[in-house]
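In order, the protein sequence lines correspond to chains D and W.
The end of the first sequence is residue 371 by full-length UniProt numbering, with every number in the run present.
The end of the second sequence is residue 371 by full-length UniProt numbering, with every number in the run present.
It cannot be assumed that every hint is accurate.
It does not matter which identical chain is used: a pair holds within one copy or between any two.
Claimed, not checked - Straight line, CA to CA, 30 angstroms or less: simulated DSBU-like cross-link-like pairs of lysine-lysine:
| no. | residue 1 | residue 2 |
| --- | --- | --- |
| 1 | K222 | K318 |
| 2 | K276 | K251 |
| 3 | K150 | K276 |
| 4 | K268 | K251 |
| 5 | K299 | K92 |
| 6 | K276 | K13 |
| 7 | K251 | K60 |
| 8 | K318 | K299 |
| 9 | K13 | K222 |
| 10 | K318 | K357 |
| 11 | K222 | K186 |
| 12 | K222 | K276 |
| 13 | K60 | K223 |
| 14 | K71 | K251 |
| 15 | K251 | K121 |
| 16 | K276 | K213 |
| 17 | K316 | K150 |
| 18 | K60 | K276 |
By construction, these hints were calculated from the structure, which means they are not laboratory data.
There are 2 protein chains.
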Amino acid sequence: MVVNRRIVFNQVKATGLPEPGVTTRPEQTEIDLDNVALNGGVLVRNVAASLDPTMRNRMKGGVYFTPNYVKDEPILCIGISEVLRSELDAYKPGDLIFIWSQPLEEYSVLPRQLVEQAGRKMDVPTNGLSITTYLGAAGMAGMTAYMSIKEIIGDRLQPGTTMFVTGAAGAVGQLVVQIARQAGVKVIASAGSDDKCRFLREELGCEAVFNYKTADPFEELKKFGGERGIDFYFDNVGGTQLEAYIEHSAKYGIIVACGYISGYNADKPEDIVYPKNLFKVVTRELTYRGFIVSSFIQKHLASFLAEIPQMIADGKIKVKEDVTFGVLGAEDAFLRLFTGDNEGKVAVLIDVDHADKWNLGERKKTAKVWQ
Amino acid sequence: MVVNRRIVFNQVKATGLPEPGVTTRPEQTEIDLDNVALNGGVLVRNVAASLDPTMRNRMKGGVYFTPNYVKDEPILCIGISEVLRSELDAYKPGDLIFIWSQPLEEYSVLPRQLVEQAGRKMDVPTNGLSITTYLGAAGMAGMTAYMSIKEIIGDRLQPGTTMFVTGAAGAVGQLVVQIARQAGVKVIASAGSDDKCRFLREELGCEAVFNYKTADPFEELKKFGGERGIDFYFDNVGGTQLEAYIEHSAKYGIIVACGYISGYNADKPEDIVYPKNLFKVVTRELTYRGFIVSSFIQKHLASFLAEIPQMIADGKIKVKEDVTFGVLGAEDAFLRLFTGDNEGKVAVLIDVDHADKWNLGERKKTAKVWQ
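Next comes chain D alone, as it looks inside the complex:
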């Protein structure tokens, strides 16, 4: 028997921030790796997990497009797992599975159906990228940025156009900014701290940046967009910044709607801000289009994998990651997504004992390890 640490869902919290120990709680169980029944599935060591803002919506007890978390069961993430034992022909020990619904724990038995429907075999990276990058810039966050821009903005992404990006220092935002910059687009970006703003301007090449907690987005976008207005808006947050974009959009502007983070933790529904200028959607002939990456993976996965990971390995795309070492640190890390204290993509290295293998050995040396 070995120890199996995990984070389980504890109780519904419909409003406000998630609360470690209340919304979720840590737990320590045991598992017999040699004898646990697989029932046709696979036994995996969970290597790393991605923590995403959208997970918050599965803790609220309402109706969401993915199912609510189950009390006393591990919360579910997008993650990468390593096969230890397998009753599936497609997988053998040592294989990596990229899985959409990974229990946040050290070891899991994954049912055959889950692996077949929500898993994808992936190669162990040989390009020097850390495993967590495959959960961020080279994974779901990168795909979200890359595929939504391809699908919704398409050929209009041209040198000399302009784009506003919110949540720009976050997992998806960073990639959006860099994909836009490489296409010659001028970017104005917002983030929740002056440090992040500096990163966006100095390292990612944004023309303009502002801290949304202290600056007035209407003023900033007006200054940047001028008479003509701003062509595109990559919207991770909704609310006031969405309203500000609509106000200062260019004719035929496009809003890529990837999230509404400003509303996820409101204390009361009335506190959520919704734009009061939708008539401009008509008069400016704007396109406001929602996007969930799962709808487009099949269409764009090959071109994504051919382009983006190599660009990261070559340093053409920079990546900032907030990696937590040890599954027990996941609650704190998840909270950082909403306080804005994270620095880039938030991920957890669960398999801390093999940090070197996952190209995170150097970073582990200076990091806190939760065990």
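Starting from the structure of chain D, add chain W where the hints point.
Chain W only, in chain D's frame:
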């Protein structure tokens, strides 16, 4: 000298309904048809004018995408005019001009630049359609319906899909309903009176109808859309009905945003309703797209003119028109657009003396003539 009756803009009214005699006022002037200077332009007898909800926005003193009306000058409409004298090579007496900016009066001198930029020569109809139909179903309203569906819904307009249409008994809505029905789309429509609802169900073949003044749009759309939700929404009005559609939209739903009439006459900006469920734009991956017909006329005009007028002449598309006889009736007619007392497309036959020529002789016999 002959009498030249007209409706001029009198004073800004930012909120509430337009008010005949206050927002606008009737006026009687004179014009010397033989000697008035043309300065390179044309002298026209204005035949007919279209009255459209969007005109209300030019009376508010704010910033709109078309210029505000000028005090003591005739208000401007989309209209059809007949050339009496011309200093333009392209026009000779008797020619008809379809013009985007026609002064609401009996006779006008139109400058060369206006005619060249905002005019289009049209043939005198020989298919039996009334001249006002060329301002409605065979004109701008028809183009708006036809082109926006082509451009925004496109190939997804298929048998078995579902559509919600607001302002469905109005100029644009009627056409939308019929274009959708002919494509095999099931339509739920709303309008502001039980009579209009009956017309929509019995004459235009809507599967479901409701009176938005008495019914709950959330309930009606839920019942119609069921678990799957409704595929498309043709939005003339915004507000509560827009919110209700978003709530009961199908995955990948499309909103064709052509107007926000529910907001045009609000007493206070706070009275205008904006949807509080935009997060569903993300999770359902909706497309919400504004449309102004002028952006697409060049692209789709030929196919429109080849298809729609003949379908109307053949009775395949039914048309309901609210024609006022005489320019002095225009103020009342304009108000009807917002009280919902209009019956279909609101237009004014200005040239009442030649009603027969414009295929409105029969209707004139039973109509009030404003003179």
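Tell me the numbers of any earlier hints that the structure contravenes, in ascending order.
When the structure is compared with the hints, none of them turns out to be violated.
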